[in-house]
Amino acid sequence: MENWSLISLCVLLGLTSRWAVSFHSYSGAGKPPIFGDYEAQRHWQEVTYNLPVHEWYFNNTNNDLNYWGLDYPPLTAYHSLVCAYVAKLLNPEWVELHASRGYESHSHKLFMRATVLFTDILIYIPAVLLYCFYFCDGSSKQKVATALCILLYPGLILIDYGHFQYNSVSLGLALWGTLGLGLGWDLFGCLAFTLTLNYKQMELYHSLPFFCYLLGKCIKQGLTGRGFFHLVKISMTVLVTFALCWMPFLSDPKQPLQVLHRLFPVGRGLFEDKVANTWCSLNVLIKIKTLLSRETQLFLSMLPLLLKDGLLLPYVVTSLAFLFLSLYLLSALERSTEEELRLGLYRKHTQHWLPKLNLSRIIKWKFWFSLVAMAALSFTSVWLKPPAKLPDLFPVLVSVLSFLHFLGFIIYFNQVQLMEPQRKKSLKKTN
Amino acid sequence: MAAPMTNDQSCFFALALGVSFLKCLLINAYHSTDFEVHRNWLALTHSLPVPQWYYEATSEWTLDYPPLFAWFEYGLSHIAWFFDKEMLVVQNLNYASPATILFQRLSVIVADVVFFYAVKECCKCLREDKGKDLLGKPSFILTVLLLWNFGLLIVDHIHFQYNGFLFGVLLLSIARHFQNRHFEGALLFSVLFNLKHIYLYIAPAYGIYLLRCFCFTQSNADGSLQWRSFSVVRLVTLGTIVLSTFAVSFGPFIALGQLPQVLSRLFPFKRGLCHAYWAPNIWALYNIADKAFSILGVKFKLLDINKLPKASMTGGLVQEFQHSVLPSVSPLATLVCTLLSILPALFRIWHRPNGARGFLRCLVICALGSFMFGWHVHEKAILMAILPLSLLAVESREEARIFLILSITGHYSLFPLLFTTQELPIKIFLMLLFTIFSLTSLKTLFRKGGALLNPLEATYLLGLIPLELICEFVYPLTVWQKTFPFLPLMLTSVYCALGVTYAFIRLYISLLTCSDNTKKIKTQ
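If you read the sequences in order, they're chains Z and D.
Numbering of the first sequence is given in numbering that gives the first Met the number 0, commencing with residue 0 and proceeding in unit increments.
Numbering of the second sequence is given in numbering that gives the first Met the number 0, commencing with residue 0 and proceeding in unit increments.
A couple of the hints might just be wrong.
[Unchecked claim] The calculated DSS-like cross-link candidates involving lysine-lysine, where the alpha carbons are at most 30 angstroms apart (straight line), are: (1) LYS140/Z / LYS447/D; (2) LYS481/D / LYS140/Z; (3) LYS481/D / LYS298/D; (4) LYS481/D / LYS131/D; (5) LYS123/D / LYS481/D; (6) LYS298/D / LYS108/Z; (7) LYS307/Z / LYS388/Z; (8) LYS481/D / LYS87/Z; (9) LYS30/Z / LYS123/D; (10) LYS84/D / LYS384/Z; (11) LYS140/Z / LYS131/D; (12) LYS140/Z / LYS123/D; (13) LYS84/D / LYS307/Z.
Calculated from the structure, these hints are not laboratory results.
The shape of chain Z in the complex, shown without the other chains (with noise of 0.2 angstroms):
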């Protein structure tokens, strides 16, 4: 069969989960007064739309910034802003100042999905299509094996399409950054990392590998000669393209101190309903690496959050199909073997004192004992009731053992980057 048809076919398998998870409940579903995201991303259309730009982060009469006050860059708020536009088209008691607050219909929740959906297909899958081709290495059949394990990856189908948000947007223009670095594409990676930075803040966390890849390319150029030129060029691309993006906010100075003030409350716990989105940026790194039989275990962490949305079932089903589905398209356990898993650097550590451990299996192990004690934290929080001593048992159970993976895995990417072995880069990677 045809590569199209196959990417095509992958493509609309990822389309039709995405949208049936849409069917179920989102944050904050029918629960007043507070609500949830869902609610969040409404009352934003509401804001931006009816009140002028320099009302958007302040707090006034209009605009009450405890309730769902907006606290993500301006290009978040530019793209509630159009989506507002269509609300209005559609029924204007969306985006009512003030009376829609709350508001709740089926054609309304139906109008929030379909904007996901549409930011999904237009920014996130295409640069998932064109990462899978140019970057991932094997036979075009693994190449698109790897293209549908990454569009069905549930954690990002969960948060966007039922619990409710855009990561979409932000993951996907981080991605398209890291394609633009990858295939030479200096200036437009740029663009791309620096308006993902201005759609979510939390992007800062990948910034330092962008800055830092950039700017020893850069002296490896020469600071003195082209290098210096080069670093000139990325400079301004990140100048203008902030300044673009803030300039609504530039004329008055109080402006952008405000809008950075509601980014990084430092008033508040930086991490109270951040967590959600940590994962996010975790993410990322590791569709890189592609050693997606890991994966699975990082959304263990927004298990309590699923159920208080009421997503169970989709949370169920679509761990289950992406394990099955990695672990069959991807053998990823039959491709552990130590080599592979770059575990080198244990290897030297431990032969001194264990030479006959056999790693590559201790990992298999590993993985399959992981996989139990996620199953089984998954079922205790649904099914039992925690103690009356320890209420909030099963979360922090799950926050520990999430905690756990995530200690381990920053450990062993830590090792696997020092080990890299220096490859020429032929950025243009034939297919």
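With chain Z's structure known, arrange chain D on it following the hints.
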């Protein structure tokens, strides 16, 4: 992890599991009144004694399937009891708690296991084709065409029915005939008929085939009948199998003297040549021709507008469609037409049987013939032709071509079943998924010998895209939506009827001109 299964088996398992996951995600989708129909049947079989099953009329959805299906619902109701007892109360009309929905949907998904088994058996009946990579193997293609069939997915798992389970029994019966296990095949078909009597349409194919190829144990060298080889034993055994199945199913009701009541429920006198949405068959074309003639007649002053029945000029899709120019069609007329349409095929397999494949062709023609000419046909009945045709499509070029036209057109004609906005993306994505797969895989399978579809056929199929855009996106925004709301449905029905008729004709040509494998038709 060394896979304990072979490559093929693990692939089958992956496809089956994948489609089951998709079905689970669709649990929360729209469901039609058929959902309440089955809930009502669960309730009445559980709560009422057997003698009252076919008399119960609290709900408008009375039991109109044969007794074996009622027993099936009875069995399900015992499991339903653990999910939500309230759904088993007959008076709880339109009861649809989350537990009820979950149970009913899961029952369809689990019942599909029968379908999975049948598909596996059918794949074994295909001619071996070694040396091809997995995606190009006929068994792989057939597995996907059946397991991921668009029609089954949306009719069973969104609209809500148990067709997967029933078609599983049908395909298993067909597979048994391919495997020369004719007694099992006959038994399965009798069971199927007692589960849903619509399969009466294909009973002639079974009857003629079994009589000709099984009861007459041998044929002459040129393929003609050898009268002396008639085996009374086989005939009697077959008869016993069929009759005993009927006895188990209808027996209790005959004993209670309720047979007339049961039959009246099974074959209700339904008004209307077509139901509210015209199935894309001959009568849709007949209706539109009638409308066209009446409009033209009035225009050219050949007809007096006052003498025409009121409804025909302004009305759209009503159950009682009164023909104004062409003669009205009665149920008897449709029966005669149906019989006439399938007789040549039956005669063909009697005269020159072509083994199990000839039987299958005849079966598809019977199904399609009754779809084309039957009384009050539902558009879902097209699946009875599409699914068995899939088996032929992966082995023969001509049938692959017919399959593509019939399946794409037939599946598109199911679109009006899902009329909600929420399901619109799903039906489009799934339709594209199935269509792209069937087109590309069959094209690759039969790439030797030029293009599979000729330009006319390709243009017709491509015409479905603008049709969909007009009917679903453009038309609702126009002024005519209020005055002629039926127009998109009519357009869809008529356009698809053309494709289905074309497929029917081609299928007949294929049957009548197929090369006789008369080398040695050893039937047993």
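A quick look at each hint next to the structure:
no.	hint	result
1	LYS140/Z / LYS447/D	holds (23 angstroms)
2	LYS481/D / LYS140/Z	violated (50 angstroms)
3	LYS481/D / LYS298/D	holds (24 angstroms)
4	LYS481/D / LYS131/D	violated (55 angstroms)
5	LYS123/D / LYS481/D	violated (53 angstroms)
6	LYS298/D / LYS108/Z	violated (49 angstroms)
7	LYS307/Z / LYS388/Z	holds (21 angstroms)
8	LYS481/D / LYS87/Z	holds (24 angstroms)
9	LYS30/Z / LYS123/D	violated (54 angstroms)
10	LYS84/D / LYS384/Z	holds (25 angstroms)
11	LYS140/Z / LYS131/D	holds (15 angstroms)
12	LYS140/Z / LYS123/D	holds (26 angstroms)
13	LYS84/D / LYS307/Z	holds (27 angstroms)
Going down the numbered hints, you'll see the structure goes against 2, 4, 5, 6 and 9, while the others check out.
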